[in-house]
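A.B. asks: Listed here are the chains, written in short residue letters.
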Amino acid sequence: MLKTFPKGGVHPAESKYSANSVIEILPLPKTVSIPISQHIGAPSKAIVAKGDKVRVGDKIAESTGFVSTNIHSSVSGTVVKVDDVLDSTGYKRPCVIIDVEGDEWNENIDRSTDLKKEISLTDKEIINKINESGIVGLGGATFPSHVKLSVPDGKKIDVLIINGVECEPYLTSDHRLMLEKAEEMLVGIQILMKALSVNLALIGIENNKPDAIAHLQDLVKSYPGIEVHALKVQYPQGGEKQLIKALINREVPSGGLPLNVGAVVHNVGTAFAVYEAVQKNKPLFERVVTLTGISVKKPSNFMVRIGTPVIDLVEAAGGLPEDTGKIINGGPMMGKSINSLEVPVVKGTSGILIMPVEKSARKKESGCIRCAKCVSVCPQGLEPYLLNRLAQLEKNDKLETGGVMDCIECGSCAYTCPAGLPLLDYIRLGKSRVSKIIRTRKQ
Amino acid sequence: MNKLFISPSPHMYEDTTVKRLMFDVVIAMLPALAFSIYFFGMGAIIVTLTAVVSCLAFEWLIQKYMLKQEPSITDGSALVTGILLAFNVPTNLPIWIVIIGSLVAIGIGKMSFGGLGNNPFNPALVGRVFMLISFPVQMTSWPVPTGFNNSYTDAVTGATPLGVMKEGIGAGETVSSIMDKIPSHMELFYGHMGGSMGEIAAIALLLGFGYMLFRKVIKMHIPVSILLTITAFTGILWLINPESNADPVFHLLTGGVMLGAIFMATDYVTSPMSVKGMWIYGIGIGIITVLIRVFGAYPEGVSFAILIMNAFVPLINAYIKPKRFGEEVKNG
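Chain order of the listed sequences is D and Z. Each step along the first sequence adds one to the number in my numbering, with nothing skipped, and position 100 is 100. Add 1000 to a position in the second sequence, counting from 1, and you land on the number used in my numbering.
Just so you know, these hints were derived from the structure itself, not from any lab. From a predicted model like this one, the values you see are computed outputs, not experimental measurements. Backbone N, C-alpha and C fix where the C-beta goes; we use that ideal spot for every residue, glycine too. There could be a bad hint or two in this list.
Claimed, not checked - Selected chain Z positions facing chain D (in silico; Cβ < 10 Å):
#	residue
1	G1115
2	G1163
3	K1181
4	R1215
5	K1216
6	N1317
Unchecked claim - FRET-style restraints, in silico, Cβ to Cβ:
#	chain 1	residue 1	chain 2	residue 2	range
7	Z	I1027	D	Q443	54 to 60 Å
8	Z	V1275	D	S197	57 to 63 Å
9	D	Q217	Z	I1006	38 to 44 Å
10	Z	G1210	D	S222	49 to 55 Å
11	D	D153	Z	V1275	40 to 46 Å
12	Z	K1323	D	Q443	30 to 36 Å
13	D	K155	Z	V1275	55 to 61 Å
14	D	I25	Z	G1210	50 to 56 Å
15	D	D218	Z	V1275	40 to 46 Å
16	Z	V1275	D	A214	35 to 41 Å
17	D	E342	Z	I1027	49 to 55 Å
18	Z	I1027	D	K155	52 to 58 Å
Chain D on its own, in the form it takes in the complex (with noise of 0.2 Å):
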């Protein structure tokens, strides 16, 4: 029996069209938009201004706290200005806009690729490098990396766990990269594992990637305290909770975190952005993005700089379907559509998805009829039709008693309604009402 967590679940189909494409280096852009606000925190402070030039891993905005992360140029060539942009939130954000002049990298980056497989840095040094090079969960949560694995004083972490699920339909950037860049990643891991003075680092791949899994069990024999672990698909296994259940079976208590059970959890990209910063000293500039959809003609794996419209993907993937209805920065259960094809890809940018018109629409409602399935597929064991209904009347109190922090916004409860309710639309609602009660009430 393959290992998975026990509780609710969904298994959506799995059309990972771009599972077998090789991943391309997507031509440079024209101009670049980078967003100084790619992560979760205080967002970073722009230290470039118009008419500056830069080359490729200059660091262009600066961390603004702990909790915070440097950015860096994707491209070189020319600040044209400091300015509002629409990003994939819908809203217009601050990015600095860059003119792409040749391709010109900072000095300090070694470009080789050979491996390096000899980590000379300490602990410290590991975490501030990872700090400074502006690393964040390449997940798709951009959570900075540095933050996790500075453990406060009194946790012990006795394990690693390296989210390698790509429980999201349709994604494979994360596969890819588990297979043309496996000992990048592993060396990345022994890196972390170092940071952190664990022994142990488990990766956990779901059994749909049956190549990766089986390239990594092989790798992983030189490299002592590595395992990889098969596990039976079912979304969402990438959730960090969910994941350290399955692997592991420790269940992280509600609103805590991942360390209150001795567990830190990364994401296989994120592992290898790690490996180009310690050991190249390449700072996150560039990552990959899966452009795929049903009616995409070249669904594919691109190497893409930071700030890269996704205009230019599309294009390099064969353009856009005549019957496109929606575009996803993300995977179908947590991505987010975006109206614009200017939108720059960012950090958290696993990839696009381009769904057809007849895909695009809800399901039509209709009324509740009780049936529990949204109960039966909760893996937080939390009652969506109840949350749905208490967010609707504002009943903020039964809500937060309902446990509805406790949601971990996976989309289960939606994707399964055969009423087609948008009960994860009012949970968010209610979650975001009630998680402003509880600052006030902090404060």
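Chain D is already provided as a structure; the job is to place chain Z on it using the hints.
C.D. replies: Relative to chain D, chain Z alone:
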């Protein structure tokens, strides 16, 4: 470029709809319907058609002219209610009583609470119990299962095995002597006995149960908990005194236990939302059924048991919650 859709996640949905679920329930009821037609002939067809047509018609009329809503009879829920109502009555029941039963089921049982999803009690059972109390004679004259030899209106009638048992025990006969007067357990299993139209053939109902489990229409918890409770409770009584209490298999195969456990108690709207709640609900139905059968005035108690437990569902939902992730931390 077309106009783009913008909406929050998720962006994909399971293709299950309310309609598909309802039609799966209808498919699951087909074996039982076929057995009823085989055993009761014309009457089964007439009663089923009457109940289905009147349930659909009443729902449509009420939505259109009283509630002024867009009629939603195509969702299949009134069809399910109609078939279930027919399953719960004898096949020689006069058409006018079936129509009144349908009006009560749909009008009072369902629409007066706001339609599908809002009714606290199972509509078909509301209809059945209304008919049982209002027309006790017609509702308890059971045609004998002679197939199409049976005419609809003046069918030869006889008592149900449960009725024979109750009467016999009341008259001081021993269970073994009563057993000689009723069909064997095997005959009971495939439904060769008098009774309400859809309740007779356990094998057909179990087939339907299997189908619904396979299609993930229902979870197994409610039927299993009801059947286990009835087995355990009647088993204890039987072990205490086998001459004044029928054996558990007899209880499972007769009356409305199978129909009730599989099709009536599992009605989404009127059953609990959590697995723990489903167990409590099922155990409650099992206990009340046996209490009515063994100690009550009626030979059969499944409908009452389900309706009584329906009334507790809001309470169960309010207090019996699923276990939350990370609620109590168990590590290791």
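A.B. asks: If a hint holds in the structure, say so; if it does not, say that too.
C.D. replies: Cross-check of the supplied hints:
| no. | hint | in the structure |
| --- | --- | --- |
| 1 | G1115 | holds (7 Å) |
| 2 | G1163 | violated (35 Å) |
| 3 | K1181 | violated (43 Å) |
| 4 | R1215 | violated (12 Å) |
| 5 | K1216 | holds (9 Å) |
| 6 | N1317 | holds (8 Å) |
| 7 | Z:I1027 / D:Q443: 54 to 60 Å | holds (58 Å) |
| 8 | Z:V1275 / D:S197: 57 to 63 Å | violated (42 Å) |
| 9 | D:Q217 / Z:I1006: 38 to 44 Å | holds (42 Å) |
| 10 | Z:G1210 / D:S222: 49 to 55 Å | holds (51 Å) |
| 11 | D:D153 / Z:V1275: 40 to 46 Å | holds (42 Å) |
| 12 | Z:K1323 / D:Q443: 30 to 36 Å | holds (33 Å) |
| 13 | D:K155 / Z:V1275: 55 to 61 Å | violated (35 Å) |
| 14 | D:I25 / Z:G1210: 50 to 56 Å | holds (55 Å) |
| 15 | D:D218 / Z:V1275: 40 to 46 Å | holds (42 Å) |
| 16 | Z:V1275 / D:A214: 35 to 41 Å | holds (37 Å) |
| 17 | D:E342 / Z:I1027: 49 to 55 Å | holds (50 Å) |
| 18 | Z:I1027 / D:K155: 52 to 58 Å | holds (55 Å) |
In this structure, the earlier hints numbered 2, 3, 4, 8, 13 are contradicted, and the remaining ones agree with it.
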